[in-house]
Amino acid sequence: MKKRRSYPLILFLLLGFLLIWVIAFAQEESPLPPSQVKVKDTPNDNGHSLTITWKSSPDSAKILGYEILRSDSPDGEFKVVGQALATDTLYKDKGDKEKESPNYFPSHKNFYYKVRAKTDGLSSESEISLPAYAFQQWYHAGKTPVLVAVLIFSTLTLIFISKAKKGKELYVRPLAGIGAVDEAIGRATEMGRPILFILGLGTAADIATIAGFTILSRVAKRTAEYKTRIIVPCNDPIVMAVAQETVKAAYMDAGRPEAYEEKNIFFLTSMQFAYVAGVNGIMLRERTATNFYMGLFYAESLILAETGSIAGSIQISGTDQMSQLPFFVAATDYTLIGEELYAASAYLGREPLLLGALKAQDWAKGILLICLILGTIFTSLHLDFFANLFKFSLE
Amino acid sequence: MGFYEKLMSLDRRWVYLCVAIAVVLPFLLEEFGVPIFIPPYITPEVKSVYNFVEKLREDDVLFLAIDYDPMAKAELHPVARAVLKQCFKKNVKVIISALSQNGPGMAEQLISQTAKEYNKVDGVDYVYLGYKPFPALVIMGMSQNFKLFFPKDYYGTPLDSLPMMAKVRNIKDTKGVIDVAAGSVADMWINEGAGRYNYPLALAVTGVMAADYYPFLNSGQLFGLVSGMKGAAEYEYLMEKGGYMKKEEFDASRGMPIQMFAHIVVILFIIIGNVGYFMSRRKKS
Amino acid sequence: MRRQLPILVVFISGIFMAIQYFVPSEPAEFVQEYAMDWVIVIGVFAMGLGLWSLTKVNWIKVQRQTPGWGYNLVTILGMVFMLVVGLIWDPGLGFFPGEKSQVSGTWFMNFFWYIYLPIQTVMFSLLAFYIASAAYRAFRARTILASILLVTAIVIMLRLIPLGAVSGINQWLANWILIVPNMAAKRAIWMGVGLGMVAMALKIVLGIERSYMGRD
Numbered sequence: 001m002k003k004r005r006s007y008p009l010i011l012f013l014l015l016g017f018l019l020i021w022v023i024a025f026a027q028e029e030s031p032l033p034p035s036q037v038k039v040k041d042t043p044n045d046n047g048h049s050l051t052i053t054w055k056s057s058p059d060s061a062k063i064l065g066y067e068i069l070r071s072d073s074p075d076g077e078f079k080v081v082g083q084a085l086a087t088d089t090l091y092k093d094k095g096d097k098e099k100e101s102p103n104y105f106p107s108h109k110n111f112y113y114k115v116r117a118k119t120d121g122l123s124s125e126s127e128i129s130l131p132a133y134a135f136q137q138w139y140h141a142g143k144t145p146v147l148v149a150v151l152i153f154s155t156l157t158l159i160f161i162s163k164a165k166k167g168k169e170l171y172v173r174p175l176a177g178i179g180a181v182d183e184a185i186g187r188a189t190e191m192g193r194p195i196l197f198i199l200g201l202g203t204a205a206d207i208a209t210i211a212g213f214t215i216l217s218r219v220a221k222r223t224a225e226y227k228t229r230i231i232v233p234c235n236d237p238i239v240m241a242v243a244q245e246t247v248k249a250a251y252m253d254a255g256r257p258e259a260y261e262e263k264n265i266f267f268l269t270s271m272q273f274a275y276v277a278g279v280n281g282i283m284l285r286e287r288t289a290t291n292f293y294m295g296l297f298y299a300e301s302l303i304l305a306e307t308g309s310i311a312g313s314i315q316i317s318g319t320d321q322m323s324q325l326p327f328f329v330a331a332t333d334y335t336l337i338g339e340e341l342y343a344a345s346a347y348l349g350r351e352p353l354l355l356g357a358l359k360a361q362d363w364a365k366g367i368l369l370i371c372l373i374l375g376t377i378f379t380s381l382h383l384d385f386f387a388n389l390f391k392f393s394l395e
Numbered sequence: 001m002g003f004y005e006k007l008m009s010l011d012r013r014w015v016y017l018c019v020a021i022a023v024v025l026p027f028l029l030e031e032f033g034v035p036i037f038i039p040p041y042i043t044p045e046v047k048s049v050y051n052f053v054e055k056l057r058e059d060d061v062l063f064l065a066i067d068y069d070p071m072a073k074a075e076l077h078p079v080a081r082a083v084l085k086q087c088f089k090k091n092v093k094v095i096i097s098a099l100s101q102n103g104p105g106m107a108e109q110l111i112s113q114t115a116k117e118y119n120k121v122d123g124v125d126y127v128y129l130g131y132k133p134f135p136a137l138v139i140m141g142m143s144q145n146f147k148l149f150f151p152k153d154y155y156g157t158p159l160d161s162l163p164m165m166a167k168v169r170n171i172k173d174t175k176g177v178i179d180v181a182a183g184s185v186a187d188m189w190i191n192e193g194a195g196r197y198n199y200p201l202a203l204a205v206t207g208v209m210a211a212d213y214y215p216f217l218n219s220g221q222l223f224g225l226v227s228g229m230k231g232a233a234e235y236e237y238l239m240e241k242g243g244y245m246k247k248e249e250f251d252a253s254r255g256m257p258i259q260m261f262a263h264i265v266v267i268l269f270i271i272i273g274n275v276g277y278f279m280s281r282r283k284k285s
Numbered sequence: 001m002r003r004q005l006p007i008l009v010v011f012i013s014g015i016f017m018a019i020q021y022f023v024p025s026e027p028a029e030f031v032q033e034y035a036m037d038w039v040i041v042i043g044v045f046a047m048g049l050g051l052w053s054l055t056k057v058n059w060i061k062v063q064r065q066t067p068g069w070g071y072n073l074v075t076i077l078g079m080v081f082m083l084v085v086g087l088i089w090d091p092g093l094g095f096f097p098g099e100k101s102q103v104s105g106t107w108f109m110n111f112f113w114y115i116y117l118p119i120q121t122v123m124f125s126l127l128a129f130y131i132a133s134a135a136y137r138a139f140r141a142r143t144i145l146a147s148i149l150l151v152t153a154i155v156i157m158l159r160l161i162p163l164g165a166v167s168g169i170n171q172w173l174a175n176w177i178l179i180v181p182n183m184a185a186k187r188a189i190w191m192g193v194g195l196g197m198v199a200m201a202l203k204i205v206l207g208i209e210r211s212y213m214g215r216d
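Protein chains in written order, with my numbering: chain G, 1 to 395; chain Z, 1 to 285; chain F, 1 to 216.
The reader is advised that the hints may include incorrect statements.
A few chain Z residues that face chain G, going by a derived Cβ cut-off under 10 Å, partial list only [to be verified]:
(1) A72
(2) Q101
(3) P104
(4) T114
(5) K147
(6) S184
(7) N198
(8) M209
(9) A211
Using 25 Å as the maximum straight-line C-alpha spacing, the simulated DSS-like pairs for lysine-lysine come out as follows [said to hold, decoys possible]:
(10) G:K97 - Z:K147
(11) Z:K55 - G:K391
(12) G:K62 - Z:K55
(13) G:K79 - Z:K167
(14) Z:K147 - G:K92
(15) Z:K152 - G:K99
(16) F:K61 - G:K227
(17) Z:K247 - G:K118
(18) Z:K167 - G:K40
(19) G:K99 - Z:K247
(20) Z:K247 - G:K79
(21) G:K391 - F:K61
(22) Z:K247 - Z:K90
(23) G:K109 - Z:K167
(24) G:K118 - Z:K175
(25) F:K56 - G:K263
(26) Z:K172 - G:K143
(27) G:K92 - Z:K175
(28) Z:K172 - G:K38
(29) G:K118 - Z:K167
(30) G:K40 - G:K55
(31) Z:K90 - G:K97
(32) G:K40 - Z:K172
(33) Z:K147 - G:K99
(34) F:K61 - G:K248
(35) G:K92 - Z:K55
If you're looking for bench data, these hints aren't it; they were derived computationally from the structure. Quick caveat: nothing in here was measured; it's all calculated off a predicted structure. Even for Gly, the Cβ is constructed at its ideal location relative to N, Cα and C.
Can you make the complete structure from the sequences, with help from the hints?
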């Protein structure tokens, strides 16, 4: 009997192979790799970063993301140092400058990079890039507009100071708050009640507090001349130390060093509302005739001003904290708004050097105004070159 | 003194009494079963903060700065709590710092309570760095490397041993910062933080401070702004719509009726004062 | 020399830190980090100065039994008590070797939560009352500018009050006030403040403004 050939089996096997081949053919292939991988030193930094750019994979629709790989030789082991989104074409490989750090990135050492495109389970890598090394820059080119602005402003200041030194009369508009200082001190002297000077809650490094010191100096000199007591409770120990020196020098200037009493300038507390409670107590117990609030103030400004109002004091305030200005405007008799606080020392002393600096500020504001107007016009006409002059980068 | 002169110069204690009544009244109404709920008007700046957190994916890292003292708790705690809840529900990881002197303990309470609600583990799902003085320096330091100022977290665990910190070296490695602040720290985040290091920043500040930050919002330096209790109420309302919170959990929204009544009292007194002023001026002329 | 040396130090430090802002290199970063460390060290030592001043001023009043000296005594006792509790008795801060960091439940934290914070909150809550009395006293339509201030304040306050059909218009107006004129005014003030700060810093660095050291 002839053996039956296993045609069904052979057919089945053929079909099986065909099916496997079809499935394999239909299976997703690896995505096309990204190309044109370029590496360069990251500009304007401390020399511990390289920037890698690449051209997206042509299969970008399938890509889930990119991995950045680095090695210190083209034949060495490439390790993953970062991830990028599918839409990214730039990655900054940044590390620490400390040698002991696990993430140390040495400068002046060549590195090679590859970019790997990933889909679900499959990936493909680009060509190895040319080597590049990181090095530090000695000038941050992105901050050039800031440097130019500072130089222009400094030049203006020096020009006006030299003009003032030569005796040129410089006009500054009158400020009601400054004009009232003498009157307020006189009132305290007539009533025989002390003056309270609050330097706010800032530290000695804050510009508003420094402006407060300059006003304190002038006020203290007047109080020394009129033999009126001045009380300066401080929120910060360094501010207290500086305030003591300021008042002492003012008393010496007035020719009354023996009248200076260190106990009148003291540290109260550095806690905000404890300070307010203490100052309110001083206001109500001592029944101060005049209160000066010159410096950095926060939520306590209204509490101080209202308590001063209850005590019947005349109040002159000045701060650069915009959130507190409305409270001072509503509750005190005179308010110095923002830069008027900084200008106060020039007003009170009328010294040429300080007035010159004030004029420079005004000119700088004028230049700024012109730039704003020109910028608005050019940008409205879609001419962006003017706005681009002012763009700066902090990275 | 005529009637209108009296209106113009009422003893301030009458004003204090009326404000006290206005503040206590909603509590009493709630006690007597008449709670007042006012659906807030949702502002775009609050919505953009909510949407930013909503767009974060699982395992993304958000930096939450809790920079307020307990006395600003009523206004700011609800926002901090809402953001934490939203992050934990979405399995977004959170790094938290508290750069206000009196805030760290309060922040720690909030974090551990919220984490417990969502079974989140310290070091894996969140890291609490705690407090260090001189916030401007700390912000600059954290923007470069957390370990510069926080080699250990609030509980004394070295940062290197925390699984979550393996891939996050500095704030730039996070998706962005939401700063909940009641003082000058907000300015420091804008100037020393996002301004220098260029990462997304949103603020949640007290109502009084909020008006100062609209210029930054408009210039794009902030991507969102939540202002005071009203902003917090808006955020809670969005959280309820998103399914993250129920009305019973609302905090800031319960304070809105009190604000409303107090504002009505202030407006009434302003009107009374002006009526007295104008009528007495008319009488004199 | 006593006056020249501080001015020289201010000049050199000021110029150095200004230059450092434009130099991204490692040496400049080192200088900045070093300076930051010094700021912290000086601040901590200054706190000792403050404690001394506080103790001295209050102790003198206690000794002389000036009116209200009891409050000065309470100030000193409070300060000493919190120092002892916070540093020695029950700090819970992991300060001493082998001590585990444990924050809540310590004497220090209990005093903070249950005495200091409620007192601070009470002081803060005074603002609510003072705002009302200040608004009543100050918001009078005496001039056109005062009237504008008054109307704006009322529009902003009305945001929180449900006004039915008018609510939508009021919300829109309030938002417009915050986003347009408020922002314009704030920007203008910020520009002035910014220039003022630069001018002030320049005057201090160049030694023109020296009143913080005491006058000549």
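What hint numbers does the structure not satisfy? Structure breaks hints 3, 4, 11, 17, 19, 20, 21, 31.
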